[in-house]
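Peer 1: Quick note: the sequence shown uses the working numbering, first residue 2, plus one each step.
Where hints are given, some of them may not hold.
With a straight-line Cα cutoff of 16 angstroms, these simulated EDC-like cross-link-like pairs (lysine to aspartate or glutamate) come out [what the hints assert, rightly or not]: (1) K50 - E71; (2) K8 - E27; (3) K4 - D33; (4) K37 - E88; (5) K80 - E39; (6) K4 - E67; (7) K6 - E41; (8) K6 - D36; (9) K8 - E88; (10) K4 - E83; (11) K6 - E42; (12) K8 - E71; (13) K4 - D36; (14) K8 - E41; (15) K8 - E39; (16) K50 - E39; (17) K37 - E70; (18) K4 - E88; (19) K76 - D66; (20) K6 - E83; (21) K50 - E88; (22) K6 - E67; (23) K6 - D66; (24) K37 - E71; (25) K50 - D36; (26) K4 - E27; (27) K6 - E88; (28) K8 - D66; (29) K8 - D33; (30) K4 - E39; (31) K37 - E83; (32) K6 - E39; (33) K80 - D66; (34) K4 - D66.
Quick caveat, the hints were computed from the structure, so don't treat them as lab data.
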Amino acid sequence: MEKVKIKICCGTSCFVMGAAQIQVLEFAPPADIADKIEIEEARCMNYCKNTTAKYNRGPFVLVNDELIEEANFEKVVNKVREILNREN
Numbered sequence: 002m003e004k005v006k007i008k009i010c011c012g013t014s015c016f017v018m019g020a021a022q023i024q025v026l027e028f029a030p031p032a033d034i035a036d037k038i039e040i041e042e043a044r045c046m047n048y049c050k051n052t053t054a055k056y057n058r059g060p061f062v063l064v065n066d067e068l069i070e071e072a073n074f075e076k077v078v079n080k081v082r083e084i085l086n087r088e089n
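Whenever a hint applies, use it, and build me the whole structure from the sequences.
Peer 2: As C-alpha cells, this is what we get:
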C-alpha cells in the first residue's frame, strides 16, 4: 500500500493561520497512521492568491490531492483515516 501524501502549505498566510500546528504530524503523528503517511511542506500553493478559486481560506493542505481548506490537525488526520479506510 502506498503512503498517503500530505502536502502542507507553509506560505506566510497559511503559516500564520495554523499550518505550524499541522506540521506536528511530521514529528508526532497518531500511532495508527505513523507509518502510512509521507509529509511534504510547500512554500505557497497559491490557493489564497486565486480570488476566483472555490477554496480561499487557509491553511491549505493536500491529502492525496484532496484539498482541505481551513485545515487543522484533526481535519488532516481524519482525511488520512478516511483515505486509508477506502483503500482497505
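Peer 1: Run every hint past the structure and note whether it holds.
Peer 2: Verification of the supplied hints:
About 15 angstroms separates the Cα atoms of K50 and E71, which keeps this hinted pair within 16 angstroms; it holds. Of the pairs offered as hints, the one joining K8 and E27 holds, with about 11 angstroms between alpha carbons and a cut-off of 16 angstroms not exceeded. Taken as a hint, the K4 and D33 pair is honoured in the structure, with Cα atoms around 13 angstroms apart against an allowance of 16 angstroms. The hinted pair formed by K37 and E88 meets the criterion: a straight-line CA distance of about 12 angstroms does not exceed 16 angstroms.
Restraint check for K80 and E39: the C-alpha separation of about 14 angstroms stays at or below 16 angstroms, so the hint holds. A threshold of 16 angstroms between alpha carbons decides the hint, and for K4 with E67 the separation of about 14 angstroms falls inside it, so the pair holds. Taking the CA atoms of K6 and E41, the gap is about 8 angstroms. The hint holds against a cut of 16 angstroms. About 12 angstroms separates the Cα atoms of K6 and D36, which keeps this hinted pair within 16 angstroms; it holds.
Between K8 and E88, the direct Cα distance comes to roughly 19 angstroms. Violation of the 16 angstroms bound is thereby established for this hinted pair. At roughly 13 angstroms between alpha-carbon atoms, K4 and E83 fall within 16 angstroms of each other, so this suggested pair holds. At roughly 11 angstroms between alpha-carbon atoms, K6 and E42 fall within 16 angstroms of each other, so this suggested pair holds. A hinted pair counts as satisfied when its Cα atoms are at most 16 angstroms apart, and K8 with E71 qualifies at roughly 14 angstroms.
For the proposed pair K4 and D36, the alpha carbon gap of about 8 angstroms is at most 16 angstroms, so the pair holds. Only pairs whose Cα atoms come within 16 angstroms are accepted, and K8 paired with E41 is accepted, the gap being roughly 5 angstroms. With a CA separation close to 8 angstroms, the supplied pair K8 and E39 stays within the 16 angstroms bound. Annotation: proposed proximity of K50 to E39 is violated, straight-line Cα distance about 26 angstroms (limit 16 angstroms).
For a cut-off of 16 angstroms, the pair hint linking K37 to E70 is broken: about 22 angstroms separates their Cα positions. Only pairs whose Cα atoms come within 16 angstroms are accepted, and K4 paired with E88 is accepted, the gap being roughly 11 angstroms. About 15 angstroms separates the Cα atoms of K76 and D66, which keeps this hinted pair within 16 angstroms; it holds. The suggested pairing of K6 with E83 holds, with an alpha-carbon distance near 13 angstroms, which does not exceed 16 angstroms.
Taken as a hint, the K50 and E88 pair is broken in the structure, with Cα atoms around 33 angstroms apart against an allowance of 16 angstroms. At most 16 angstroms may separate the alpha-carbon atoms for a hinted pair to count; K6 and E67 meet this at roughly 10 angstroms. Our distance criterion of 16 angstroms between C-alpha atoms is met by K6 and D66, whose separation comes to about 8 angstroms. Restraint check: the Cα-Cα separation between K37 and E71 comes to about 23 angstroms, which exceeds 16 angstroms; the hinted pair is violated.
Taking the CA atoms of K50 and D36, the gap is about 34 angstroms. The hint is violated against a cut of 16 angstroms. With a C-alpha separation of about 14 angstroms, the suggested pairing of K4 with E27 holds against the 16 angstroms cut-off. A hinted pair counts as satisfied when its Cα atoms are at most 16 angstroms apart, and K6 with E88 qualifies at roughly 14 angstroms. Note on K8 and D66: the hinted pairing holds, with a Cα-Cα distance of about 8 angstroms set against a maximum of 16 angstroms.
Taking the CA atoms of K8 and D33, the gap is near 19 angstroms; set against the 16 angstroms cutoff, the hint is violated. As the CA atoms of K4 and E39 are separated by approximately 6 angstroms, the hinted pair is consistent with the 16 angstroms bound. Proposed proximity of K37 and E83 is supported: the alpha carbons are some 13 angstroms apart, at most 16 angstroms. Only pairs whose Cα atoms come within 16 angstroms are accepted, and K6 paired with E39 is accepted, the gap being roughly 5 angstroms.
Using a Cα cut-off of 16 angstroms, the hinted pair K80 and D66 holds, with the two alpha carbons roughly 11 angstroms apart. Restraint check for K4 and D66: satisfied, since their Cα atoms lie roughly 13 angstroms apart, inside the 16 angstroms limit.
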